[in-house]
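Trainee: Here's the letter readout for the chains.
Protein chains: 2
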Amino acid sequence: MEKNYLLTPGPTPLPPAVCAAQAQPIIHHRTPQFQAILKEVTEGLKYVFKTKNDVFILTSSGTGAMEAAVANLLSPGDTAITVEGGKFGERWTEICKSYGINTKVIKVEWGKAVEPKEIEKLLQQDPAVKAVFVTACETSTGVSNDMKAIGEIVKATNAVLVVDAISALASLDLQTDNWSLDVVVSGSQKGLMLPPGLAFISVSEKAYKLVEVAESPRYYFDLRLAKKAWEKIDTPFTPAITTIIALKAALDIIKQEGLENIFSRHKKMAQATRKAMLALGLELFAPEASSDAVTAVKVPEGIDGEKLVKTMRDTYGVTIAGGQAELKGKIFRIAHMGYINEFDIILCISCLEKVLHQMGYKFELGKGLQAAEEVFLK
Amino acid sequence: MEKNYLLTPGPTPLPPAVCAAQAQPIIHHRTPQFQAILKEVTEGLKYVFKTKNDVFILTSSGTGAMEAAVANLLSPGDTAITVEGGKFGERWTEICKSYGINTKVIKVEWGKAVEPKEIEKLLQQDPAVKAVFVTACETSTGVSNDMKAIGEIVKATNAVLVVDAISALASLDLQTDNWSLDVVVSGSQKGLMLPPGLAFISVSEKAYKLVEVAESPRYYFDLRLAKKAWEKIDTPFTPAITTIIALKAALDIIKQEGLENIFSRHKKMAQATRKAMLALGLELFAPEASSDAVTAVKVPEGIDGEKLVKTMRDTYGVTIAGGQAELKGKIFRIAHMGYINEFDIILCISCLEKVLHQMGYKFELGKGLQAAEEVFLK
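Listed in order, the protein sequences are those of chains A and B. Counting in this note's numbering, the first sequence runs from 433 upward without gaps. Counting in this note's numbering, the second sequence runs from 433 upward without gaps.
Hints were generated in silico from the structure; no laboratory data involved. One or more hints might be untrue.
Just so you know, same-sequence chains aren't split out, so a pair can sit in one copy or run between any two.
Said to hold, decoys possible - Within a straight-line C-alpha distance of at most 25 Å, the following computed DSS-like cross-link-like pairs (lysine-lysine) qualify:
no., residue 1, residue 2
1, Lys664, Lys762
2, Lys762, Lys660
3, Lys680, Lys536
4, Lys471, Lys529
5, Lys641, Lys529
6, Lys587, Lys799
7, Lys482, Lys687
8, Lys539, Lys762
9, Lys587, Lys730
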């Protein structure tokens, strides 16, 4: 009997109501019926973003929205700061360089959060900096950055703050307006419990001033076209209709649980996961800055990390993520966001214990489960 | 009782097997299970494109693939020819201009096909032209261009031919390799019977030489990244997993019917639709170059075109398309491609007759249906 469980930090599992929404016959996008949905989900996204800013829906993966941010805010030769503490931080640098941006990179040791003061120092040194690109939750390392502190720093300057919240949105508390996050980008396949294929971007007044003058070439991701289309409750190009209808179903679930309850659930699952890992004698990859969306764990000495992840998936149907890029084989990552609950975490720990045991790793069987249960009972 | 019928030229209706595929639990994209699907659908796309060239899947609407073509082939200051015979031809010009391309525009009267000799003349005048951008089926006017003749002309020059086959692919015969179509772009929500959200792009050897040297900024749509990822049967960014799995279901249906049978079915439906319109005393918008994917019909004098389309949709559940841009209210368009069969055409004509009659248009009731039936019985 095959039964599969998904505990990867994107895609995350889909609620049955989302699956059902996707099976519906398609409707045309330029109809009052679809416009009503587009309006409703845009309002719903504003609730999740905690913003009154415009939020646009793009048909792309989250990286498309990252590129939209760079292309719409900057012109070739402009200066920007990027924070690199993992694969997705590096992506900001790569995109900026593709667009001929003069990029000042803050390198952060993988597994650590950026020191907000580093950003402040660099901004003071160079008042020409137009944008600061940060990753709220660095999915590749399981690290959360202090977006509130960074928001305060950037707010006091002429630069705009651009936040990759692809795995942070609806996973961790992220207060777009209160924390002065000028541009926030996200994707559908993480906290929003949808298949990949939609991206989102919010734009503050301060950021709009750059959008109006930026000279980078852009068309499909041109936010001026998105803003103009939105005046008629429309998108400039045919959107991923089905996924937007599924987004309505997902937002209904999110509103019903309530954002703060969702964050508490994620936090508790994160704590349980971390305690379980420690109880098994494993080491966290980011002990000081662990995100409540995903936990990265070091593969213990003598264990083949890639084989561990493959066996859990191919033999037992439990899919977690391995390490990416330079962390390949060195860490594994367990997601605890979106449509994942405490019993998913329990079964995942059980599967991990089983495979670690079979691979010869020494520990007391059941200790991880016990530690997790203790957290969940609190 | 509400029962809805979709006869718009994108999105087109979804087969039940496609809807069912979309309702499945999601799987992770970096798994052997998904890689097998990605490989299979890429092979299936090559069958539909009639090509041995690489075909890449992008997560975007078709316009994303159009921008990918411009950004990957050209550098700022390069010269290109665009053919404008409708809204989508104009899009090629708009994208080229966004990228700083020196654009030579061939203006074609809306409703007419481009004269291939016009392209030949312009290419002879300016040997610096690097690319020619043409729309195979101009969805906004229902016109098909002679891609075979244009292919022969461009093949003999240094320029590459780039074809918008968004509504043409799997709708009309399009022979990428035989006709020397260097770059062909398409989308999911037309002949391929999927929801919008995926785009496709094929690249010839001749075109690859431009991709390697093009200096336009690009990242999300960078075909060098797509090509590199494909070496490991992967995509550079998280793809629209669910739609790709649904693509497998759609390709299975296409392979079962067979491309040539699909084209014959579309052709017969197109003929029936055209004969029906003439029998009702209506005028075709593109009588000399009517596409077999979509028929555009002039709204008769004294009839409110927008109200006609709205009444069919909102009162009777039959959705056809109105005119776009300068043709708003002046034409309506009936799609006959993808998961649409002769009885869909029959019910659409019936609904059109009903509403035209109610709106006071004078004609003999049933004449349109009769003309269509005569074609279908041949």
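Trainee: A separate judgement is required for each hint: does it hold in the structure or not?
Mentor: Going through the hints against the structure:
no. : hint             : result
1   : Lys664 to Lys762 : between (50 Å within a copy, 21 Å between copies)
2   : Lys762 to Lys660 : between (47 Å within a copy, 24 Å between copies)
3   : Lys680 to Lys536 : neither (39 Å within a copy, 44 Å between copies)
4   : Lys471 to Lys529 : neither (35 Å within a copy, 31 Å between copies)
5   : Lys641 to Lys529 : both (22 Å within a copy, 22 Å between copies)
6   : Lys587 to Lys799 : neither (46 Å within a copy, 69 Å between copies)
7   : Lys482 to Lys687 : within (13 Å within a copy, 47 Å between copies)
8   : Lys539 to Lys762 : within (20 Å within a copy, 59 Å between copies)
9   : Lys587 to Lys730 : neither (36 Å within a copy, 56 Å between copies)
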